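*Asks:* Read off the chains here:
Number of protein chains: 2
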Amino acid sequence: MSPDFLPTLRQRFGQQCSTAAALCEQHGSDEGSITAPPPMAVVFAESTQDVQDAVRLCAQHGVPIIAYGAGTSLEGHLLAVHGGISLDVSRMNQVLQVHAEDMTVTVQPGIRRKALNEAIKDLGLFFPIDPGADATIGGMTATRASGTNAVRYGTMRENVLALQAVTASGDLIRTGNRAKKSAAGYDLTRLLVGSEGTLGIFTEITLRLHPLPEAVRAATCTFASIADAVHTVIETIQMGVPIARVELLDAATVGMVNRYSQLSLREAPMLLMEFHGSPAGVQEQVEQVQAIAAEHRAQDFEWAETPEERTRLFTARHNAYFAGVQSRPGSRCITTDACVPISRLADALLESVQDAQDSAIPFFLVGHVGDGNFHFGYLIDPDDATERDRAEQLNHRLVSRAIAMDGTCTGEHGIGIHKQDFLREECGDGAIAMMRAIKAALDPLGILNPGKVFAA
Amino acid sequence: MSPDFLPTLRQRFGQQCSTAAALCEQHGSDEGSITAPPPMAVVFAESTQDVQDAVRLCAQHGVPIIAYGAGTSLEGHLLAVHGGISLDVSRMNQVLQVHAEDMTVTVQPGIRRKALNEAIKDLGLFFPIDPGADATIGGMTATRASGTNAVRYGTMRENVLALQAVTASGDLIRTGNRAKKSAAGYDLTRLLVGSEGTLGIFTEITLRLHPLPEAVRAATCTFASIADAVHTVIETIQMGVPIARVELLDAATVGMVNRYSQLSLREAPMLLMEFHGSPAGVQEQVEQVQAIAAEHRAQDFEWAETPEERTRLFTARHNAYFAGVQSRPGSRCITTDACVPISRLADALLESVQDAQDSAIPFFLVGHVGDGNFHFGYLIDPDDATERDRAEQLNHRLVSRAIAMDGTCTGEHGIGIHKQDFLREECGDGAIAMMRAIKAALDPLGILNPGKVFAA
Ligand SMILES: Cc1cc2nc3c(=O)[nH]c(=O)nc-3n(C[C@H](O)[C@H](O)[C@H](O)COP(=O)(O)OP(=O)(O)OC[C@H]3O[C@@H](n4cnc5c(N)ncnc54)[C@H](O)[C@@H]3O)c2cc1C
Ligand SMILES: Cc1cc2nc3c(=O)[nH]c(=O)nc-3n(C[C@H](O)[C@H](O)[C@H](O)COP(=O)(O)OP(=O)(O)OC[C@H]3O[C@@H](n4cnc5c(N)ncnc54)[C@H](O)[C@@H]3O)c2cc1C
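Chains S and L are the protein sequences, given in the same order. Mapped onto numbering that gives the first Met the number 0, the consecutive letters of the first sequence carry residue numbers 0 to 455. Mapped onto numbering that gives the first Met the number 0, the consecutive letters of the second sequence carry residue numbers 0 to 455.
Extracted from the complex, chain S is given alone in its bound form (with noise of 0.2 Å):
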């Protein structure tokens, strides 16, 4: 690197650019368990423009770059393995463009899910990809994410509509439109949409919405055993029941989540449902459900009446993270994310229960269970290298089972530097020449995140 870059830098963005240690670091670092050095300096884009000056100027220097939205990725993503700055698309988060008799969107990529959420609500509309942390939409486009509504209403794959982007050498390009399909040419939408900022920096996007449902339930239930809910769940989806969302979270988990967000729920292993539809249709899902559940030794259903207390739920099963580690003070958390066909769900998940109870590790075990992805956070003391190697190699059983079934590694995190082995355990030597050839032919200079989801 060249030593004009940073004063070059400088004097393009200004006040929007900072070398400052504590903010580099905050833009380097993840709530994973994995460190690296910070970037070297932070550009706030506050356009498109800045976006295409930011990567030329990063081109001309041979600099790396990284895009940053939220920085809630969890595999090391935005760690500036190679070097490079930070460029943060948070204040890019305005609403372009909303067309409500197409249910669809264009936004700017650093605007969160719950401010999209808010912005549209009164048009009767909502967009239902959450992850358990308020992200961008741009680094929810970035790691394929999904969450608790995918089991009924997809992923980023199947909600995003169109992209522009700013590719390697700060040309910008359009992908897709708002036509609900296209045949036309090469799916670069899709190509992008879970590349973790290696082949090109979103600007806008343009996403599928949904109607808000006419009516909604909300209801827990508890089981005798993990098997029983489990079971509950793979006969609900083998039964083609449209349930909007199916948490599991273990006993113990549900301990964690009542001391942290101060609930009472019943410490058993529970499934944490929604169901949306027309009121015929709600009731219709409602008593399947139950039906199923019953043959399962379930207790009842406990309704959630309002919808402060629906969202008092899940805002607690998306906090779930926060009260696995605090459940360990000082604790880093290792989160694995496999995901299987639904009818392999119990053995992947009682198998991986049983292997970290004999570990010794704590964890908690939470789970998207309807689409078969389920997390553990094996939560681990930082300074112990011994317990860290024990709960990696948990992980990686873990992993090896799920891909052993005809699963992934990962459901919806993404890959980064964390899951690369696993990676090319799961796909084999040919698909990641592939990714490698499509990387090198997009971003010949390798600044756009060097080192993700495949080293450099």
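Keep in mind that the hints were calculated from the coordinates and are not lab data. Predicted, not measured: the structure shown is a model, and the values here were computed from it. A few of these clues could be false.
Identical copies go unnamed one by one, so any copy, or any two together, can satisfy a pair.
Below, a list of computed lysine to any residue pairs in the SDA-like style, where the Cα atoms sit at most 25 Å apart [to be verified]:
1) 120 with 173
2) 113 with 94
3) 120 with 241
4) 113 with 420
5) 120 with 239
6) 120 with 100
With chain S fixed as given, assemble chain L with the ligands onto it according to the hints.
*Replies:* Just chain L with the ligands now, kept in the frame of chain S:
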């Protein structure tokens, strides 16, 4: 190309290789209106190894290789514009693995959609994607096909879970797995879906299946005008009614279908609808749509009372293309395939009807209108260059109209040769450059179906 190529090919493939003129002719042409000299040989692949060996031989000799499924594509996809051989995969037509409990199936690429559905129907499952022709799953994957059920069940984009493919160097890769969602690296599956044989040749395809609906009802309903029919559709979609099929035919096309399929449908603008769900759910949908239709001065719904009647109606719809072509003996058909946001459907359609009527070129008009997708078939005299030009101009104006409405030039047929200028108009040079870079990276010799999607 070296003179050894054909002898070497013959040696490797024996009876599976043919240079018979009629066979080559048939493999190098389609229903569309463009022609080119035929491929020099046809190889019938019977195994993944055959596909690998054929690709490797072509790579060694720098010879183009064009995968061939059922030959029903419409945009010149199969034309040997740069010479080379056709690789017919229709003998690779086995169901390899069914996982009824996960609603997934893995098939060879040469199986046709009807045969697949025949094979799985006893499991209570079906595969919904249904182009009018009885296409192969490989061809449908390569064109990102859809059909009448897409409004409810999605297209090949949403229903292909994983692929095994032979790359341009003859290597075998796997993309994806049977997990319902995944954030594991670049989405190679979605990149390959719709790549028209230019990035890889599929040898195994894993699909999502759907439960056969508990209740099905189908009806036709006629309207005083196309506008009334279209507004009924728009409001149905905007209300979020999960209708399974909603097809439009204009009055003249109903007449053509009547004559071709020996039916006696009322010759007026018509919607052909199907409702799937629980009995109560279907009833709810029917009432909603009937109320909307009534506001648009619809005639009564005529119900298809038996499964046979339903099949007869939709088979007639699927044959509308041939009914159209037969209505003008000796004609060839130029098919449009625009798809627009649902709120713009009436404008896009009605302006295009007016334009076509003004041109005095005979046409038929059908549409998967629930998705905003519709097809004019301009029926031209293939020996009349003026007529062809006028039809191409109609098509071009229609596409420009769709693009101006934030739609696409092709909802489901793909680009092939015929729509390359439209693709450029739609995506802009930046996106095309990105597609070309990907093609060059994954197929540096340019042997996989060169000259399709964009010029070689
Ligand atoms: C408590 C907690 C719960 C969570 N629960 C879930 C969950 O349920 N489901 C789920 O999917 N995830 C979950 N996550 C993970 C995280 O929220 C998601 O990965 C989220 O998508 C990250 O968004 P972000 O805005 O924070 O992105 P960041 O962390 O800022 O960035 C993530 C990646 O996206 C890239 N990026 C950011 N913006 C852009 C842009 N404009 N253009 C191109 N690339 C960009 C970055 O370079 C980086 O590679 C959770 C995290 C936490 C801490
Ligand atoms: C009457 C009629 C109605 C139609 N209606 C519809 C409709 O409603 N919806 C719709 O989407 N389409 C429709 N089509 C178009 C056509 O049926 C689709 O494009 C279909 O997907 C083509 O499949 P195929 O097996 O015939 O492929 P082919 O025509 O044989 O090939 C199409 C393309 O796929 C590639 N290909 C084939 N097999 C493979 C493989 N194994 N690996 C990689 N590439 C491969 C070929 O190289 C070519 O580029 C219709 C066509 C007709 C004639």
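*Asks:* Please sort residue 113 with residue 420 into within, between, both or neither, judging by C-alpha distance up to 25 Å.
*Replies:* Neither: 34 Å inside a chain and 41 Å across chains, both beyond 25 Å.
*Asks:* Within a copy, between copies, both or neither: which one fits residue 120 and residue 173 at a CA-CA cutoff of 25 Å?
*Replies:* neither (28 Å within a copy, 42 Å between copies)
*Asks:* Given a CA cutoff of 25 Å, do residue 120 and residue 239 count as a within-copy pair, a between-copy pair, both, or neither?
*Replies:* Classified as between: cross-chain Cα gap 16 Å, same-chain 29 Å, threshold 25 Å.
*Asks:* Are the CA atoms of residue 120 and residue 241 at most 25 Å apart within a copy, between copies, both, or neither?
*Replies:* both (23 Å within a copy, 22 Å between copies)
*Asks:* Should residue 113 paired with residue 94 be assigned to within, between, both, or neither, using CA atoms and 25 Å as the limit?
*Replies:* within (12 Å within a copy, 45 Å between copies)
*Asks:* Quick one: residue 120 to residue 100, C-alpha cut-off 25 Å, is that within a copy, between copies, both, or neither?
*Replies:* within (14 Å within a copy, 38 Å between copies)
Against the hints set out earlier in the document, violations occur for numbers 1, 4.
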